[in-house]
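Add chain B to chain A, keeping to what the hints say.
2 protein chains.
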Amino acid sequence: MNGHAVETVEHLLQNGVSATKVHELEIHDLDASKLTVTLTKSPGKVPELDSKEVWSMKSNTDHMVRVTWTDDVGWHAPTIEPYGQLTMSPIASCLHYATQCFEGMKVYRGFDGKLRLFRPDKNCNRLVMSSARVALPTFDPKELEKLLKAFMKVDGPKWLPKSRPGTFLYIRPAIIGNGEQIGVTAPSEVLMFIVAVGWPDLSSGTPPGAAPKPPGLKLLASKSDVRAWPGGFGYAKVGANYGPAFVSHMEGRKMGYDQILWLLGSEYQVTEAGASNFFVVWKTKKGKLQLVTAPLDAKVILEGVTRGSVLELARERLVSGSKYLTSEVKDLEVVERNFTMLEIEEAAKEGRLVESFLSGTAYFITPVSAINFRDQEIDIPMGDGTGGYYAATLKKWLKDIMYGNVQHEWGVIIDEE
Amino acid sequence: MNGHAVETVEHLLQNGVSATKVHELEIHDLDASKLTVTLTKSPGKVPELDSKEVWSMKSNTDHMVRVTWTDDVGWHAPTIEPYGQLTMSPIASCLHYATQCFEGMKVYRGFDGKLRLFRPDKNCNRLVMSSARVALPTFDPKELEKLLKAFMKVDGPKWLPKSRPGTFLYIRPAIIGNGEQIGVTAPSEVLMFIVAVGWPDLSSGTPPGAAPKPPGLKLLASKSDVRAWPGGFGYAKVGANYGPAFVSHMEGRKMGYDQILWLLGSEYQVTEAGASNFFVVWKTKKGKLQLVTAPLDAKVILEGVTRGSVLELARERLVSGSKYLTSEVKDLEVVERNFTMLEIEEAAKEGRLVESFLSGTAYFITPVSAINFRDQEIDIPMGDGTGGYYAATLKKWLKDIMYGNVQHEWGVIIDEE
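Protein sequences, first through last, are from chains A and B. For the first sequence, position 136 matches number 136 in full-length UniProt numbering, and the numbering has no gaps at all. For the second sequence, position 295 matches number 295 in full-length UniProt numbering, and the numbering has no gaps at all.
Chain A with its partners taken away, still in its complex shape (with noise of 0.2 Å):
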């Protein structure tokens, strides 16, 4: 798995190149073990929780890791280096044609002491799909969750102290085709690097200064633009899914909405709301509660880690007779199927809608208070007013896993010895 590394080769041999002299190129996957480390002669401050430097979502760690890749060698040895500026053509490949991609993942201090990732693998994987998917160059994903260990592992203590259990770092692996190309090809060369920026609590939480906004996000539903389609790349985390999605966020933000609900086609199909995907809770004509998400298949919606590890806890945890069960949870049908705003609509209008959240790493789980679909704006019920009671309980399962809680083997620690 080293992408178009092979193809060359396959390219050199047909073209006359002796296999032996393909060998002495060696086409290398992506090889933790040869990672060197340069550490920063500047160290930066750590910034106070919650100030307005975190809220800005880009005050960097001192270091970052680099890896580049070029078509004749495959993957060069990793760097972990002073963080700093990247340097490229004006005709890289990555500022003309997108090929670029990357993942957000988080790393977490928890109440035991200990830092840990949530279910890098996960990352990992789709990171070499998504890169796959812009014609850049695959890779061992067990590699990269490595270098992202060791990254964590020469910036975690610093950044995220051990005096400040329950906080956490954003992490920003990306790929970008920086060989200088103007033909429309894949990219000659390649640079995979990793960032940490400081990264505010979304879910909950306002910027320093600012006016306490009212719990719950309120969403605009998309009239004419469309995020993705089917035979698209809506599944794939590339930058081609977002920049073209911006303007709509900026309008629904100028109406006062915090993100656009994504809708397709005629029937206005559910599929993403802003960068997260979207989740409701309702129940049917016949009464039976339902956990309900936009399904996989037609590959138009990202494959949330957040959305796959709700959809696991719901249906092992809100199930008949679970000892998680309360008066205002209940047990549910966990439901991935396309569904539309006209049953949304008929759902309020019917008193029949429980909820609705928001899941993913940039905003993990936030309630829904509002859907403004077609200019009329559909309330959504909150719970105790914060947001609703699964929201609230998947929430704090997820976080209980992520901070240490409860040792669960989705909560990957990172040996920090």
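For the record, the hints were derived by calculation from the structure and aren't laboratory data. Quick reminder that beta carbons are idealized off the backbone N, C-alpha and C, glycines included. Please note: incorrect hints may appear among the correct ones.
Partner residues aside, some chain B positions facing chain A, computed with beta carbon under 10 Å [claimed, not checked]:
| hint | residue |
| --- | --- |
| 1 | Met64 |
| 2 | Leu86 |
| 3 | Ser89 |
| 4 | Cys94 |
| 5 | Gly104 |
| 6 | Val134 |
| 7 | Ala228 |
| 8 | Gly239 |
Pair ranges (Cβ atoms, derived) [as the list claims (entries may be wrong)]:
| hint | chain 1 | residue 1 | chain 2 | residue 2 | range |
| --- | --- | --- | --- | --- | --- |
| 9 | B | Lys254 | A | Arg374 | 44 to 50 Å |
| 10 | A | Ser224 | B | Glu267 | 21 to 27 Å |
| 11 | B | Gln376 | A | Arg337 | 33 to 39 Å |
| 12 | A | Arg374 | B | Val406 | 49 to 55 Å |
In silico lysine-lysine, DSBU-like type, Cα no more than 30 Å apart, as pairs [said to hold, decoys possible]:
| hint | chain 1 | residue 1 | chain 2 | residue 2 |
| --- | --- | --- | --- | --- |
| 13 | B | Lys299 | A | Lys254 |
| 14 | B | Lys254 | A | Lys299 |
| 15 | B | Lys41 | B | Lys52 |
| 16 | A | Lys299 | B | Lys223 |
| 17 | B | Lys122 | A | Lys223 |
| 18 | A | Lys223 | B | Lys223 |
| 19 | B | Lys34 | B | Lys122 |
| 20 | B | Lys223 | A | Lys122 |
| 21 | A | Lys223 | B | Lys52 |
| 22 | A | Lys299 | B | Lys122 |
Just chain B now, with coordinates in the frame of chain A:
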């Protein structure tokens, strides 16, 4: 027209900043009159015509244009400076969220010794539209046209010498969001730049040393992948339309095809080919000769400058009684409508297919010799063997304008004094 800058002013006013203070900030539109020029101290060598260097499509000229935009100031003063690398933050918006757009243009050295752009107003207007589509700032397109002319006044005389009439350079204006921004919102800092590179004759040439290729492009009709969709951004020249298409391109090339013919929907509607517009000439069942291409109204295809010029020339010159008609090139009906591969297949079976060609800046006018649709290859008539008569005629008309064989308002002369 200076994009978000306007919103920033409103924002400042709403937040109690006095109008005088806002005026002091001076939100600027793009202004070519503020241009400063710094000439290179290490001028490069002009490559040989049709050399390997030119076929690399990355041999730059000596200089480039750079213009910064920030959300507090608007467009800063433009510069022409030595061609060089870009430096940006690892969390620059354009690397993660495809906040990027570009144009493709050529500058021509005429047989009359003059340097010309071809309809640059069309490219400048389109770049404004593309920029807005991915939440980047707008600008007065006339100012961009002035910058293009100023740039070519500096680099044109050396890189397209008068001793090489009938040659051209490829010009690449681009706008990228280079502000640091992991949050999903419009970039707060943006860079416009313009570079020029050597470009081979893709419409008929082959790289040095390559086996000669039979004339005409072979197209592979896309199967599952869809390039663009209604409500998307297929009409804008944004990076997001390119990278996700590379995988199909590469698969096509492996199968021996030059370009992908992008289809849409269950009826196999024909949209674009590769990164070019697609034309077919056929006879209707009633025997009427037609030049057909996909329409712009669904905003799925790019409004190509060459496409528009082909349609305008055909509507003006391919009419009954025109002096341009010959025994091979007859008057025809020009039709912009949705049409499908099923129609092309039927026309081929019934012997009604006359010819087909691509149009675009990169490939100019290039005949199509075959289309693979659902694993069957449809042969397209190729006129005298080198391509259809309409393609050849339209190409000649356009070249006459580009290279000054005829004086025409579409050929915009650059003052080299």
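Now the hints, each set against the structure:
no.	hint	result
1	Met64	6 Å, holds
2	Leu86	6 Å, holds
3	Ser89	6 Å, holds
4	Cys94	6 Å, holds
5	Gly104	9 Å, holds
6	Val134	4 Å, holds
7	Ala228	8 Å, holds
8	Gly239	4 Å, holds
9	B:Lys254 with A:Arg374: 44 to 50 Å	46 Å, holds
10	A:Ser224 with B:Glu267: 21 to 27 Å	22 Å, holds
11	B:Gln376 with A:Arg337: 33 to 39 Å	36 Å, holds
12	A:Arg374 with B:Val406: 49 to 55 Å	54 Å, holds
13	B:Lys299 with A:Lys254	25 Å, holds
14	B:Lys254 with A:Lys299	25 Å, holds
15	B:Lys41 with B:Lys52	26 Å, holds
16	A:Lys299 with B:Lys223	15 Å, holds
17	B:Lys122 with A:Lys223	29 Å, holds
18	A:Lys223 with B:Lys223	28 Å, holds
19	B:Lys34 with B:Lys122	23 Å, holds
20	B:Lys223 with A:Lys122	29 Å, holds
21	A:Lys223 with B:Lys52	49 Å, violated
22	A:Lys299 with B:Lys122	36 Å, violated
Comparing the model with each numbered hint stated earlier shows that hints 21, 22 do not hold.
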